[in-house]
Amino acid sequence: MFEIFTHGVTFLNLLSILAFFTTVGLFFCGIPICRQIWKRKDTSEISGAPFLMGILGGCCWMTYGYLKNDYTVMVVTSCQVVLYSSYTIFYWIMTKDKLWISLKVGAVLSMCTILILSVHFFGKKVFHPLGIICMTLNTADFAAPLAGLRVVIRRRATSTLPLPLCIANFLVSSEWFVYGLLVKDFYLITPNGIGSFLALIQLLLFVVLPRKPGQHSLLRKIFSCFKSQDECDLEDPTKEIVLDLGPDDKKITRAQRWSKKVISNVSTVAEELENVISKVGIHDQFAYKHKISNEYDTASEKTVETLDEKVEKIVSGDDILAQSEKEVKKLRNSLRATGESQRNMLRRTFSSPDFTE
Numbered sequence: 001m002f003e004i005f006t007h008g009v010t011f012l013n014l015l016s017i018l019a020f021f022t023t024v025g026l027f028f029c030g031i032p033i034c035r036q037i038w039k040r041k042d043t044s045e046i047s048g049a050p051f052l053m054g055i056l057g058g059c060c061w062m063t064y065g066y067l068k069n070d071y072t073v074m075v076v077t078s079c080q081v082v083l084y085s086s087y088t089i090f091y092w093i094m095t096k097d098k099l100w101i102s103l104k105v106g107a108v109l110s111m112c113t114i115l116i117l118s119v120h121f122f123g124k125k126v127f128h129p130l131g132i133i134c135m136t137l138n139t140a141d142f143a144a145p146l147a148g149l150r151v152v153i154r155r156r157a158t159s160t161l162p163l164p165l166c167i168a169n170f171l172v173s174s175e176w177f178v179y180g181l182l183v184k185d186f187y188l189i190t191p192n193g194i195g196s197f198l199a200l201i202q203l204l205l206f207v208v209l210p211r212k213p214g215q216h217s218l219l220r221k222i223f224s225c226f227k228s229q230d231e232c233d234l235e236d237p238t239k240e241i242v243l244d245l246g247p248d249d250k251k252i253t254r255a256q257r258w259s260k261k262v263i264s265n266v267s268t269v270a271e272e273l274e275n276v277i278s279k280v281g282i283h284d285q286f287a288y289k290h291k292i293s294n295e296y297d298t299a300s301e302k303t304v305e306t307l308d309e310k311v312e313k314i315v316s317g318d319d320i321l322a323q324s325e326k327e328v329k330k331l332r333n334s335l336r337a338t339g340e341s342q343r344n345m346l347r348r349t350f351s352s353p354d355f356t357e
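Residue numbers are given in full-length UniProt numbering: position 150 of the sequence shown equals residue 150, and the series is strictly consecutive.
Heads up, some of the hints might be wrong.
To be verified - The calculated lysine to aspartate or glutamate pairs, modelled on EDC-like cross-linking and capped at a C-alpha distance of 20 Å, are:
| # | residue 1 | residue 2 |
| --- | --- | --- |
| 1 | Lys39 | Asp97 |
| 2 | Lys125 | Asp70 |
| 3 | Lys96 | Asp42 |
| 4 | Lys104 | Asp42 |
Stated by the list, open to error - Restraint-style ranges between C-beta atoms, simulated for each label pair:
| # | residue 1 | residue 2 | range |
| --- | --- | --- | --- |
| 5 | Tyr66 | Leu146 | 26 to 34 Å |
| 6 | His216 | Ala144 | 23 to 31 Å |
| 7 | Tyr66 | Ile201 | 27 to 35 Å |
| 8 | His216 | Pro162 | 15 to 23 Å |
| 9 | Ser224 | Lys96 | 48 to 56 Å |
These are computed hints drawn from the structure, not numbers from a lab.
Source: prediction; values computed, not measured.
A virtual CB, placed ideally from N, CA and C, is assigned to each residue, including glycine.
Kindly generate the complete structure, drawing on both the sequences and the hints.
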């Protein structure tokens, strides 16, 4: 990484500097967790295991970089050990169960001490075993988000996956994968290649699945946009649309077409209002009431007259002698009931208030 000041600018040096900044930026992900602990004033439901594993993994990679004389790995992992140690100290201060976290911290410190002493006494002999340990820890670190994929697949939504963290993991693992290819380091190629592949799968889930249940995915939105060009052109109302207007085949815009429709609708509504106003007098808004009532009165009077005429005909006719007395009584009762109902309706009509005065 520092060879850029002595050997000039090369792709490897630029990649080393880029990997340094992106990886150290990823290590700052512990700050939101510490903020959450500070707001709660307690560490309940928040585990300190990620901080301790960060210290252990950073110590392993730092000793690996020391044995290989790779200053880029040494500088990056030194920053990791410092940051995660500060997170662990903050966690220990805020927690109420200090005994349990103290035992965990002691176990991690003892493993780091054993690792440093083994490098000091055995030197290059522990290079490959240490590389296997570093590769295993790094692979487990990248595979940790896979535990949440079961919830994502069950809900068919990516609301539980942090998009910024997935993007950062993909960038960091891809950069270190390319760096491992350039320096021909198997222990850097394998875990970072697996990590970049897993991070790519997580990013593809954001494209295939919606962000929340019930919403449309990004892939479906793109397909629908290409499928129905009409929906994509809604934001551009000035786009020209060809309509069959006659032999001239003139072109009008969408805005002109909508304005013509609005004008025609307004004209039809105005014509209907004029027809209604012409039928009803201005000084007699309830003129239709008199018309209806007069028609109803004449009709009711006619029905009463016809009923009376029928009764008179039946009573005065010669056929009464042939009919039985029971049939005459039934006919009279039915006619009386009909006449009374008609009279009651007429009374209600005449007693209704007149609103024209």
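Results of checking the hints against the structure:
1. Lys39 - Asp97: Given pair Lys39, Asp97 holds - Cα atoms ~18 Å apart, limit 20 Å.
2. Lys125 - Asp70: holds, 17 Å
3. Lys96 - Asp42: The hint holds at about 7 Å.
4. Lys104 - Asp42: holds, 18 Å
5. Tyr66 - Leu146: 26 to 34 Å: Between Tyr66 and Leu146, where Cβ atoms are some 31 Å apart, the hint holds.
6. His216 - Ala144: 23 to 31 Å: The hint (23 to 31 Å, Cβ to Cβ) holds, given that His216 and Ala144 are roughly 30 Å apart.
7. Tyr66 - Ile201: 27 to 35 Å: holds, 34 Å
8. His216 - Pro162: 15 to 23 Å: Between His216 and Pro162, where Cβ atoms are some 21 Å apart, the hint holds.
9. Ser224 - Lys96: 48 to 56 Å: holds, 53 Å
The structure is consistent with each of the numbered hints, conforming to all of them.
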